[in-house]
Amino acid sequence: MSFRRLTLATALAGVLAAPLVQAKDTGYIFVSSEKDNAVTVLDGKSYDVVKVIKTGKRARDMHFDAGHTRLYVVASDSGRVDVIDVAKLEVVDRIPVGEDPEMFALSADAGTLYVSSEEDSALTVVDAASKKIVRQIKVGGEPEGVLLTPDGKTAYVTSEVANMVSVVDVASGQSQAKIVVGNRPRRFALTPDGKELWVSNELGGSVSIVDTATHKVVATVKFEPKGFRADDVTPVGLTMSRDGKTVWVALGRANHVAAVDVAARKVSDYVLVGKRAWSVALDRSEARLFVANGLSDDVSVIDTATHKALRAIKTGRVPHTVAIDD
Amino acid sequence: MKRTLLLSLALLAALPAMARELNIGYLDLADDPRYDATRLERRFQGQPWGRPLAGAEVAVEESSFAAEALGLTLKLETAEADDADGLGAALDGLLAHGARFVLVDLPAPALAQLAAATRGRGVTLINVGASADALRGAQCQPHLLHTAASESMLADALGQYLVSRKWRKVLALVGPLPADRERMDAFARSAKRYGLKIVAERPFKLSNDPRERDLGNIGLLTAGEDYDAVYIADSDGEFARDAQFRTVLPRPVVGSAGLVADIWQWGWERNGAPQLNNRFRKSAKREMSGADWAAWVAVKGVVEASLRVADGDDAAVLRYLRGGEIIIDGFKGARLSFRAWDGQLRQPVFLGYGNGVAASAPVDGFLHPTNTLDTLGADERDSTCKF
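Residue numbers (UniProt numbering), protein chains in the order written: chain A, 1 to 326; chain U, 1 to 387.
Keep in mind the hints are simulated off the structure, nothing from the lab.
Among the clues, some could well be false.
[To be verified] A few chain U residues facing chain A, derived, Cβ under 7 Å:
| hint | residue |
| --- | --- |
| 1 | E62 |
| 2 | F65 |
| 3 | A66 |
| 4 | Q275 |
| 5 | I327 |
| 6 | D329 |
| 7 | R335 |
Beta carbons are placed, not taken as given, at the ideal position from N, Cα and C, and that holds for glycine.
Looking at chain A on its own, in the form it has when it is part of the complex:
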């Protein structure tokens, strides 16, 4: 029996034997695929495909609940978020979230979804239990990245068209501030102390660092990977290490990820990955960085200690987001 089958069999056996026992640390790597309407599940060690889970149309952003029992997946063209049971590897629930959702944040209790709705130029707040839209907050054209602060009080949302970040007070639903950042802002990372918000600017080719107290851009990080021009640098995904020392930024068409020293606000290294490096995710030990490459239909695995690309894993068409259950 191949390792792949064994894994699947083990998983199935677990489900059959004790359906109420929650899966924990399966090591599975989940990759959403925009063109396959599916999430591919990979084994965390062998990277073999464990299962392809059919979802709604155009699977994109994904988040686990706190206990990693469920994985929430946006299906943009179906206007909903599908909920995958991590133990069963099946879609067990569907939450309608309005037209053209793209990215989202999940509250700590998984009771509320904060969804960027391209069609409505709004942040849509959805109650997961009742599956009702609670409110919509206007945040400018083509909203994309959503970041909820760990205290759950503030949501940051980018508008790709307005070149702005909206700061939304979650309790009142009011936009407290709008911050002009670089061109076509996409996604966020927050320092562990909550004082600096890092915003990727896809067309600006940079990352804006926003002081969350004053709502001012205090610095801009530029990227110059060897052999690429400024125009090729289109940063989208970024993620911060838990110690707040390093930010990993996917540079899009420049086919690299950059490691940025947070304190120095300087690039410390570039690592070559696949075509149009887009989303990034660290595993729990932060030993490996996973990079979804949208135009080469694969995921690069980077050793964060040596900054070497370990391998490229074939995935579905146009991989969007990587989520790791470990």
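Add chain U to chain A, keeping to what the hints say.
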């Protein structure tokens, strides 16, 4: 003047006293033959599918959130002259309403005249509808910008693509209009630049007259030579449309039909283009064509400059708009800006067909010392523009 300042879109509610106003003008001609109803119905490739004002309106709408947040009131003021003689008065009307940036959608001769007459009057004209190279060359003006592509840019895009496919032998058919000649000349320059061989250049005429069969019959026109593609210079569009699939050799038609270089193609699926297409379709009830995109990006550029220049002084906005630092988001993946030497917007060009895009130029592998977008059209050293 039929419809002078009839439409004044005040999209934003009253703002605090600090609020600045940005009035963007839009000027066109009532009897412009390009917008003849029966012509529009045919939706010729590479030609406008309606007044590009529709694109400007979408841009104002999508810019309103950012403008409002920064205390800027956006207005679009339109004026339409009955004929070319009325353009001066129509423009005066826009200036009286405070418009300092005016989108102009005019045939090339009328635009050249208007631009020459308005130099030094504190207005910046943005050409959204005329592709003539002369407007960027001998007739260029320091206050005239172009978001529409020049014939040279379109020809270079096609030239790059043909070379990249190794379709080097081209049979050229050229129509009787002066604009056809201009287009042919631009393509011949590109052919030379990229090493394409024009195996023959033959005149065509839209005619069923048996006495001039050699000019009107696509079979006769495409016989007797070996070629990889048939290039047709047809600014009217009807002949080129009907030439497809009727050539003697089974070869693609390119140029004015078939594979066409244009600055927008609604079939493009990347760089946020689908979102823009959706907004445009909802607003204008048709697909977005290149002219619509030119008007849309003109407004986007003026708004971007106005938002980034904090003091808002007209001259400072213009300096920023024309300077190399600006990043205009054209939803084509590249950072767009205006060329200092002739006021032309540097931008990717699509090689499109019916409902899709074969490639985006600059085609991979065509390089330039500073900006690959400047491989399309007149580069600094080729430019004949002297401000």
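Evaluation of the provided hints:
Residue-level restraint check for E62(U) holds (minimum Cβ-Cβ distance to chain A is 5 Å; threshold 7 Å). Below 7 Å, beta-carbon pairs count as interface contacts, and F65(U) has one with chain A at about 4 Å; its hint therefore holds. Hint status for A66(U): holds, given a least beta-carbon distance of 4 Å to chain A, under 7 Å. A least Cβ separation of about 6 Å between Q275(U) and chain A falls short of the 7 Å threshold, and the interface hint therefore holds.
The beta carbon of I327(U) comes within 5 Å of a beta carbon in chain A, closer than 7 Å, and the hint placing it at the interface holds. Below 7 Å, beta-carbon pairs count as interface contacts, and D329(U) has one with chain A at about 5 Å; its hint therefore holds. At about 6 Å, the closest approach between the beta carbon of R335(U) and any beta carbon in chain A falls short of 7 Å, and the interface hint on this residue holds.
Consistency with the previously given hints is maintained throughout, with no hint failing.
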